[in-house]
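Residue-level listing of the chains:
Protein chains: 2
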Amino acid sequence: MSLAIQHIEKSYRNQQVLTDIQIDFQPETLYGLLGRNGAGKSTLLNVINSRIFADKGSITLDGENLIENEALQNRVFLTSEDNLYPKSIKVNQVLKLTEAFYGGFDWVFANHLIKAFKLNPKLSFKKLSTGYRSILKLIIALCVPVDYIFLDEPILGLDASHRDLFYRALIETYSERPRTFVISTHLIEEVANLISEFIIIDGGRVIEQKSAEDIQQSGATVSGAKELVEDFIQGMNIIGMDRLGSLVSYYIKDYQQQEVPDGISISPLNLQAYFVKLTQREEEK
Amino acid sequence: MSLAIQHIEKSYRNQQVLTDIQIDFQPETLYGLLGRNGAGKSTLLNVINSRIFADKGSITLDGENLIENEALQNRVFLTSEDNLYPKSIKVNQVLKLTEAFYGGFDWVFANHLIKAFKLNPKLSFKKLSTGYRSILKLIIALCVPVDYIFLDEPILGLDASHRDLFYRALIETYSERPRTFVISTHLIEEVANLISEFIIIDGGRVIEQKSAEDIQQSGATVSGAKELVEDFIQGMNIIGMDRLGSLVSYYIKDYQQQEVPDGISISPLNLQAYFVKLTQREEEK
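So the sequence lines, in the order shown, correspond to chains A and B. Counting with our numbering, you get residues 1 to 285 for the letters of the first sequence. Counting with our numbering, you get residues 1 to 285 for the letters of the second sequence.
Bear in mind the hints are in silico, worked out from the structure with no lab data behind them. There's no promise every hint is true.
The list treats identical chains as one, so a pair stands whether inside a single copy or across any two.
[Said to hold, decoys possible] In the PhoX-like style, the derived pairs of lysine-lysine whose C-alpha atoms are separated by at most 20 Å in a straight line are: (1) K118 / K277; (2) K126 / K87; (3) K96 / K56; (4) K115 / K56; (5) K56 / K90; (6) K127 / K210; (7) K90 / K253; (8) K56 / K210; (9) K226 / K122; (10) K226 / K127; (11) K90 / K277; (12) K96 / K277; (13) K277 / K56; (14) K277 / K253.
Extracted from the complex, chain A is given alone in its bound form (with noise of 0.2 Å):
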């Protein structure tokens, strides 16, 4: 019991955006989709969701072909974007196209959300703004029944608290009827302690796929004031650093346990300094 990916390639003209992609995504599985600009994130979903075709490999979910099999992608889900609905469209419209197309909707919880965001459903598509498209787009994820959600940036343009509110209705639906979601973001360290899972991907490719414990196992974050904790990480392998009021926290890859100073607090490394080293350029060094 599946969605695997296996051995997916894609290239625009001569140039190659997928190479090998083998991902093996789990039931009920919270995964996050790392990746900088432009290393093939989105692509890959939208070829996971039948709406780009690969060059070559294959998609099976619970070991059967996906591709040109409809009964089976209505079981996978990927947000929309802007430009795949009708101008003119409205709020609640979409809603009920998204019922008439899956089978089904979790309509109590949709109304929930679209009062706790203050989302107006007579509104068109095109009046609404950024923040609020994703809004929207995000309550269509979160209320559709299908097993394998992709979220491709859900929380773009949404201020702090919406964010937060995001992140809460997650885990609410999550935990009431767990299923697959992945959602790919920027925004790391916010979505740090939901994810069960993270794949990252840089240049096409995926480069790891290990869960959130085994990350933030693999060093540590050093934190205290600033003079005690540049004196205490002398020599240790600096991936990034971080003020909070006076005090200093330093992300230390390959943290070997010791004895450590009074005033100095030791904790799980912080992630997204971990993304953003693992996929530096050369020229960003």
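Following the hints, position chain B against chain A.
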């Protein structure tokens, strides 16, 4: 000498979107424009840039009426929305059109940024991903020969390294040729150190206009080990909190100077926490 927005009102059908907006944009200043989703930010930016007409009020540039004065309007720039570009236009054509329209363009800096961001100038606009559309728009905004530049969510869809690259490019071009930038964004903490003046709008009104320094001085961040901090802040006006490793930071409004126990550090107030609290709705409390 300023770009003065006076008593601007705007409504759509029966809904008031902007109410008595008064802002005096000073020359050579970096502004942050903050607001919840739906607060009216994009409408305001469109009104200032003559893409939408206000129902009431006036906009003057150095004392002269901006509306219907094309020569003056060329001194004010707003990043374009996607649907304003012809579908098949290529990246380098967009740049050349911008130069023709504004009578100049900083090609040296533009080419430097195109390389740094790895933007392919031969691609057509519609083939660009969300992130690369943002990158094209911010390159244009940083290179037009204009005195007042408005950027509507310039980092939409940008990865962490690219966001950092943008912030550094903004500082670089501003230092060389000071002019006014007005940046609307939802990633408040990331721009906190760049911006000198914040304008906060909510429900279509300017609810606050303050220097970054004044906001940060209107409270404090109290950081340290969890138990120690939570003991110390009892009875204070808590507006938010964050964790960093095993440390916590509480954001306190109207903090009173006082003696502080060892192990606790006091620093300026967190801007995002301040903003979230200021614009929180009754049902979100």
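To see whether the hints hold, each was checked on the structure:
no.	hint	in the structure
1	K118 / K277	between (38 Å within a copy, 18 Å between copies)
2	K126 / K87	both (6 Å within a copy, 17 Å between copies)
3	K96 / K56	neither (35 Å within a copy, 39 Å between copies)
4	K115 / K56	neither (44 Å within a copy, 31 Å between copies)
5	K56 / K90	neither (38 Å within a copy, 29 Å between copies)
6	K127 / K210	neither (40 Å within a copy, 31 Å between copies)
7	K90 / K253	neither (49 Å within a copy, 42 Å between copies)
8	K56 / K210	neither (25 Å within a copy, 57 Å between copies)
9	K226 / K122	neither (53 Å within a copy, 47 Å between copies)
10	K226 / K127	neither (49 Å within a copy, 46 Å between copies)
11	K90 / K277	neither (43 Å within a copy, 32 Å between copies)
12	K96 / K277	neither (44 Å within a copy, 35 Å between copies)
13	K277 / K56	neither (31 Å within a copy, 51 Å between copies)
14	K277 / K253	within (10 Å within a copy, 36 Å between copies)
Hints 3, 4, 5, 6, 7, 8, 9, 10, 11, 12 and 13, counting from the list given before, are not met by this structure.
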